[in-house]
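J.: Sequence:
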Amino acid sequence: MASDGRDVEVPLPIRSKPDEELTLSDQLRHRDRLTAESLRELATGEIDVIWHREYYPPEQCDAALPRVVRAVDETNFLLTKEFTSVGTSMGEVANGGDSVQRYLDTATDTTRLIRHDVFAGQQSPTDLVRLDLDEMWPYGATVGRHDGRIMLPGVLRRMTPGGRGRPHIDRRQIPLLDTYRLHRRLGVNIYLEVPEPGAGGEIDFWGTLSEEEFVALKADPFDYGIEPERVGPPLDTVLPGKGDLVMFEAGRMHGVREVRAGCRTSAACFIGVRAETDPLLIFA
Numbered sequence: 001m002a003s004d005g006r007d008v009e010v011p012l013p014i015r016s017k018p019d020e021e022l023t024l025s026d027q028l029r030h031r032d033r034l035t036a037e038s039l040r041e042l043a044t045g046e047i048d049v050i051w052h053r054e055y056y057p058p059e060q061c062d063a064a065l066p067r068v069v070r071a072v073d074e075t076n077f078l079l080t081k082e083f084t085s086v087g088t089s090m091g092e093v094a095n096g097g098d099s100v101q102r103y104l105d106t107a108t109d110t111t112r113l114i115r116h117d118v119f120a121g122q123q124s125p126t127d128l129v130r131l132d133l134d135e136m137w138p139y140g141a142t143v144g145r146h147d148g149r150i151m152l153p154g155v156l157r158r159m160t161p162g163g164r165g166r167p168h169i170d171r172r173q174i175p176l177l178d179t180y181r182l183h184r185r186l187g188v189n190i191y192l193e194v195p196e197p198g199a200g201g202e203i204d205f206w207g208t209l210s211e212e213e214f215v216a217l218k219a220d221p222f223d224y225g226i227e228p229e230r231v232g233p234p235l236d237t238v239l240p241g242k243g244d245l246v247m248f249e250a251g252r253m254h255g256v257r258e259v260r261a262g263c264r265t266s267a268a269c270f271i272g273v274r275a276e277t278d279p280l281l282i283f284a
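Going left to right, the sequence shown walks through residues 1 to 284 as this note's numbering numbers them.
No wet-lab data here; the hints were simulated from the structure.
Check before you lean on any hint, since a few could be wrong.
Derived Cβ-Cβ restraints for the label pairs, each shown as a range [what the hints assert, rightly or not]:
| id | residue 1 | residue 2 | range |
| --- | --- | --- | --- |
| 1 | Arg-230 | Asn-95 | 15 to 23 angstroms |
| 2 | Arg-184 | Ala-63 | 29 to 37 angstroms |
| 3 | Gln-27 | Ser-210 | 18 to 26 angstroms |
| 4 | Gly-121 | Arg-230 | 44 to 52 angstroms |
| 5 | Arg-260 | Asp-73 | 18 to 26 angstroms |
| 6 | Ala-261 | Gly-140 | 37 to 45 angstroms |
| 7 | Gly-262 | Thr-108 | 27 to 35 angstroms |
| 8 | Gln-123 | Arg-70 | 16 to 24 angstroms |
Just so we're clear, the structure is a prediction, and the values are computed from it rather than from any experiment.
All residues carry an ideal CB built from backbone N, CA and C; glycine is no exception.
Build the full structure now, drawing on both the sequences and the hints.
T.: Here is the structure:
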């Protein structure tokens with residue numbers, strides 16, 4: 001941040017690639033702090049990423065991590081075997097069906113588990129994000145609801161060696177979100193534990209695809225992601241540190257490289273952007 005309080009762009013530790021390999025864009029536009037201005041810029045598409053180092057205090061990450069691991073070990077996550085998540089997530093209900101009822105039935109209990117058991121005695125990362133967004137956005141921020149029932153405002157995710165997140169986008173147009181008519185869907189991750197540099201877990205970013213273009217690349221329409229070799233090299237790669245917040249346009253194709261040693265543990269949620277005079281929508 002500049003001495004006068006303005007956000008300044010700082011270089012991301014990205015993997016440079018020859019010009020001929022850049023098929024969608026050549027660099028991510030970014031800010032290094034979550035502020036009212038950088039949030040507005042991301043919500044309107046003027047920037048691509050907010051990367052706020054040590055947004056959540058590293059010592060609080062360490063304090064909560066044993067309880068996070070215990071909660072993850074006890075969960076029953078159905079979307080993929082590539083990583084584990086506490087709670088039924090929006091990814092599991094993207095195509096509608098019976099999973100929507102499971103999502104709504106478990107949202108309150110999962111929220112209480114994360115807030116009161118896992119982060120007992122300290123504020124959870126996703127609660128901190130929600131409070132900040134409510135104060136930064138002119139019309140506030142609210143947890144999503146469906147037929148008077150709360151949506152899940154945050155999840156915990158963990159990747160052990162062998163875990164990864166294949167390239168994917170997070171769709172705006174899914175049945176559970178239809179009534180909100182989202183203009184943009186932002187992804188939020190706060191990292192509680194990360195592998196050592198060189199051991200995997202980096203975030204790869206590709207370009208922004210339409211949902212139709214992404215579906216056309218998928219071998220299985222019901223699978224959340226696609227194999228990396230189908231999309232070519234990423235444009236930029238970010239290696240977050242403990243406590244870092246990374247917020248980005250979730251319609252930009254992104255993925256997580258395979259964890260080869262150590263573990264990658266994060267708290268995550270989404271931000272739905274509607275009209276400028278609407279509150280932001282929080283869900284996971």
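J.: Give a verdict on every hint.
T.: These are the hints, each one checked on the structure:
1. Arg-230 <-> Asn-95: 15 to 23 angstroms: holds, 21 angstroms
2. Arg-184 <-> Ala-63: 29 to 37 angstroms: holds, 34 angstroms
3. Gln-27 <-> Ser-210: 18 to 26 angstroms: holds, 22 angstroms
4. Gly-121 <-> Arg-230: 44 to 52 angstroms: holds, 45 angstroms
5. Arg-260 <-> Asp-73: 18 to 26 angstroms: Taking Cβ atoms as reference, Arg-260 and Asp-73 lie about 21 angstroms apart, which means the hint holds.
6. Ala-261 <-> Gly-140: 37 to 45 angstroms: Holds - the Cβ-Cβ distance for Ala-261 and Gly-140, about 42 angstroms, lies within 37 to 45 angstroms.
7. Gly-262 <-> Thr-108: 27 to 35 angstroms: With a Cβ separation near 33 angstroms, Gly-262 and Thr-108 satisfy 27 to 35 angstroms, so the hint holds.
8. Gln-123 <-> Arg-70: 16 to 24 angstroms: The hint (16 to 24 angstroms, Cβ to Cβ) holds, given that Gln-123 and Arg-70 are roughly 19 angstroms apart.
Of the numbered hints given earlier, the model fails none.
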